[in-house]
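Chain by chain, the residues:
There are 4 protein chains.
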Amino acid sequence: MTKTTGHEWPQLTLGAFDELVSAVSNWGRWGVDDERGAMNLLTADRIVAAAALVRTGRSVSMGLPWNTEAGPDNPRPALHYMTQLGDRDPGEPQTNADFLGSDFHGKATSHVDALCHCDFRGQLYNGASQSTLGSAGATFASVEVLEHGIVGRGVLVDIPRLRGLDWLEPGTAVLPDELRNAEKAEGLEIGRGDIVLLRSGHYKRRQTLGPWPPFYLSAGLHPTAMQFLHEREISVLGADGDSDARPSPVEEMLSPIHALALNAMGVHLLDNLQLEDVAAACAEENRWEFLCVVAPLRVPGGTGSPINPIAIF
Amino acid sequence: MTKTTGHEWPQLTLGAFDELVSAVSNWGRWGVDDERGAMNLLTADRIVAAAALVRTGRSVSMGLPWNTEAGPDNPRPALHYMTQLGDRDPGEPQTNADFLGSDFHGKATSHVDALCHCDFRGQLYNGASQSTLGSAGATFASVEVLEHGIVGRGVLVDIPRLRGLDWLEPGTAVLPDELRNAEKAEGLEIGRGDIVLLRSGHYKRRQTLGPWPPFYLSAGLHPTAMQFLHEREISVLGADGDSDARPSPVEEMLSPIHALALNAMGVHLLDNLQLEDVAAACAEENRWEFLCVVAPLRVPGGTGSPINPIAIF
Amino acid sequence: MTKTTGHEWPQLTLGAFDELVSAVSNWGRWGVDDERGAMNLLTADRIVAAAALVRTGRSVSMGLPWNTEAGPDNPRPALHYMTQLGDRDPGEPQTNADFLGSDFHGKATSHVDALCHCDFRGQLYNGASQSTLGSAGATFASVEVLEHGIVGRGVLVDIPRLRGLDWLEPGTAVLPDELRNAEKAEGLEIGRGDIVLLRSGHYKRRQTLGPWPPFYLSAGLHPTAMQFLHEREISVLGADGDSDARPSPVEEMLSPIHALALNAMGVHLLDNLQLEDVAAACAEENRWEFLCVVAPLRVPGGTGSPINPIAIF
Amino acid sequence: MTKTTGHEWPQLTLGAFDELVSAVSNWGRWGVDDERGAMNLLTADRIVAAAALVRTGRSVSMGLPWNTEAGPDNPRPALHYMTQLGDRDPGEPQTNADFLGSDFHGKATSHVDALCHCDFRGQLYNGASQSTLGSAGATFASVEVLEHGIVGRGVLVDIPRLRGLDWLEPGTAVLPDELRNAEKAEGLEIGRGDIVLLRSGHYKRRQTLGPWPPFYLSAGLHPTAMQFLHEREISVLGADGDSDARPSPVEEMLSPIHALALNAMGVHLLDNLQLEDVAAACAEENRWEFLCVVAPLRVPGGTGSPINPIAIF
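Residue numbers (our numbering), protein chains in the order written: chain E, 85 to 397; chain V, 85 to 397; chain A, 85 to 397; chain W, 85 to 397.
No false leads were mixed into what you were given.
Just some of the chain W residues that point at chain A, by a computed CB distance under 7 Å:
{"no.": "1", "residue": "ALA135"}
{"no.": "2", "residue": "VAL138"}
{"no.": "3", "residue": "TRP150"}
{"no.": "4", "residue": "HIS201"}
{"no.": "5", "residue": "ASP203"}
{"no.": "6", "residue": "GLY233"}
{"no.": "7", "residue": "LEU338"}
{"no.": "8", "residue": "SER339"}
{"no.": "9", "residue": "PRO390"}
{"no.": "10", "residue": "ASN392"}
Looking from chain E toward chain V, a few residues come up when the C-beta cut is under 10 Å (computed):
{"no.": "11", "residue": "LEU148"}
{"no.": "12", "residue": "GLY175"}
{"no.": "13", "residue": "PHE183"}
{"no.": "14", "residue": "GLY185"}
{"no.": "15", "residue": "ARG205"}
{"no.": "16", "residue": "LEU230"}
{"no.": "17", "residue": "HIS342"}
{"no.": "18", "residue": "VAL377"}
{"no.": "19", "residue": "ALA379"}
{"no.": "20", "residue": "VAL383"}
{"no.": "21", "residue": "GLY386"}
{"no.": "22", "residue": "PRO393"}
{"no.": "23", "residue": "ALA395"}
Because the hints were derived from the structure by calculation, they are not lab data. None of the values given here were measured: they were computed from a predicted structure. The beta-carbon is built from N, C-alpha and C at its ideal position, and this holds for glycine as well.
Chain E extracted, bound-state conformation:
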């Protein structure tokens, strides 16, 4: 690592990255067969404490609209077709119905990554083999792990607000110190079982300047920030990008945060969230914590699910 100033950040060698993997690994921590990873940290008492945050009765979506339009950030647009238009069968009432389809991973659909989503060097979280997946889906650490939902304290880490910007420029990597500064500015401390939501202002930028290809250029966390989040024992990490900064700060690694979170730590990721509404609500409520509920579809063998996470104040 080299020294940095301001909002610059260090590049990591593959060797340094491997050390980081070891440092944050939760493999074996909850048993050799564990498929839940850091969801084990989101215990009942954490849920009760999170529910106690509901004081004004305001609920806010953190999901994007279903996006059927191809674009630089949506090369595999979602499908939405009407299947009935009140004209199918005799009798009353009549039915309007539709078909939804999505290859939801990518950069256009709010979704959760199951731990099995990430194959790092032939292995999944906890050392399970990539061969546990096949054409029928995953048999280890699929989205079924989340069948009862993710319910806990959501903490919005609003970096553009901290910096006094509308958004972080794509490419920006956020260092752990800035997470600590955000905590102070927001008057809270990230802790065990938390659902941490990193706002870069991605969606605001997209709405203002139009879409760009985030496959190559996105704001996100610097890999060293994962050590901080590991120490704080978070359960879930979400972002309005996909948590990874790109170009990647790690040599030869496309998505180091995915490898660290999903693979080493067993931390589920929430990708492509829409954090503008919740950021505005937090500012109005003057608090950056809330009850967060994510309810993935129960897909046997699924590698994730489209989601619409809800913040409740």
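For chain E, the structure is supplied; the task is to place chains V, A and W on it using the hints.
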């Protein structure tokens, strides 16, 4: 209407049904352009009160697994295909990904019906025209109304428990008196803004005896029960069937509950829920109310969404 | 109309276009209920004559590869997912299988337009109402009309060859005189029942320069060319674009050729063909006519079908 | 093998089957890298000879209608959704369009099996490894091999006609002697490069008695018939079932014909054809040979394609 004894129920003429429609109608109640219907009753104070029900920190899914297998209750099976198996691109980490697709209305997928789902005599809720829908979807009362989720008090009305049965036989229509009896047995009162969940034991029967065609034979509410729910000012109605009893107790009407709820009252419906787990949890917790969170996908113009509703105790 | 020189072409007023519609209309020609249109001209003797063109036993595809990649000419990319990878069931042999999906109209998939594809001022071919279509598909002039295939003489009209170019620049509109010149150069005469295939070199340009948005810029026929093709009594018109030149030479009309062919004349269209291979084969064989077989999928109520037309020399 | 009488047939041990595999194998015959298999036998002279069979100019579909209805023979129904209904954009003309989707292998869609469809003991045709397939499709012997179509002599082997029946009962296995008898009755000889089409009357039975699960019960060829077809050097085998008789006459083998044809011989299969129309046409024309054209979609990496094969008399 004719007098009934025991668990029999009256047949309604179309004229009697029309009177019921008028009696429960909320058209115009929240303005001529209102698209939210009874969601207007689920106010911030109701959300705060619901969150206060979280005491043990237990979360329970009320959704069915994604069902890709055709059957008598699933003639349009959902799709689940793997799109990546760690073998697509060079570099690390690798990705596992999948495609999900569903024509989700029907009897096999847990979903919410948007108000625009139901076309009754050419009109939608609040008198909007069926012609507000087209091949691009709905422009009135689509599922976007629910973008910030449904968050409120869930009340499980467990009829088989009340009757001492494993399940209600398909075809059974539940009368309003039985809802009142259930309230007493459960020590609560259904009220303004509630998300009422009617358990018939559908899924338990399916798991025990196998699937049947619920298009023609299902346990649900008798239409007169909707007057009771209207008086209590509920917001949302869910069931492990689709709330309609079939054969329909109303002459010439396929789905009278759908017409009454979605069309007249503006009450969103949650269909094909899995209420076995939550029924067990309620019995263990000895309370039939909980914080309920439903997070539909944000589909512009959508007539509903697959869901995995979460009960939090 | 204004006088033109060289490869310029006149702009048509809507009035002039309406006269053209009347001039080429086949409505009523084969009965008021006819759904086959100009397919009525492709009689058995024409099929026998076309088969007699097979002399060297060479077959050539005129279809594009299935295109799953989004791009300026493919905003709704086709789907191709593996559904089995030799890993599903016990026993031998094992199966590899896949799912194909496509919203095939557009500019990226070789397909046939059924006559019902084109709604011109509320009417389809032969005066049928647009209301004959609904969410279940078409009940008039669907692709089922073509269930036994299109079998006849294919005539490649190779305009770039005539002009000594690699391709026509997008935007070019081909006038009827040039079709006559092409006939002479190719030593044939377009006639009754023919399947006329217009090469602009679209695919060669795409392979050389990359894709562009043909929705706004494409080479095709000038509307006046349809009068010539009407007089020659062709059955089917195909092109490597979609036969329409864009910007449209007719005021206020997006796709005048579609209206003239599908709606007025009852001439099926073959869109987005790949005519490079067949052009090379024609040049080598020194003949621009061949047996042409198109085998649309038999989709009840379908507005068309993906196709791979085969030229047989 | 045991002796049989009448229409009984022998059961084969796995050892006997393995000998059959060796006897009919074409591995290496056209080079170690060959992906075309018996398509190598369908040479230009065979195409010219087949085209000479066109004498009356009658074309007949041998495909089934696109089947969107679930049933015992269609557990994965095809999709057909309207995507435009003349209501999408401003301007004229307007568009009607639809989406088609299908996991087409199975028993409900007429389709061609590419050679890569069949994984026998980890290997494909010509000894290629099953690992040549992945989530992106096949890299060996995909349906692209057929990009220029299958054009040749079609020979309908109409077994029910020979036996004086409407159809063969599901379960029937046809022996090689009966193929020889059919040749005599039809006044022709199966030969090099032929596209042999086996009619069992499957579709007539389905139309008459309703669908059944052909996964377990179907009429088809006895494995020993493949030796006969190998000696005659056919190119392609089609059937109104999937060519396999079930229950399988070979111990431990689900689909021995698939293994023999696709894997050992390199003979492409056409499954689930509709041979009723062509059988009637053959009887009227009093000839059981015709020009046959099959035009699979050009799917890169595809394991097959839905098809509508055309017979031309």
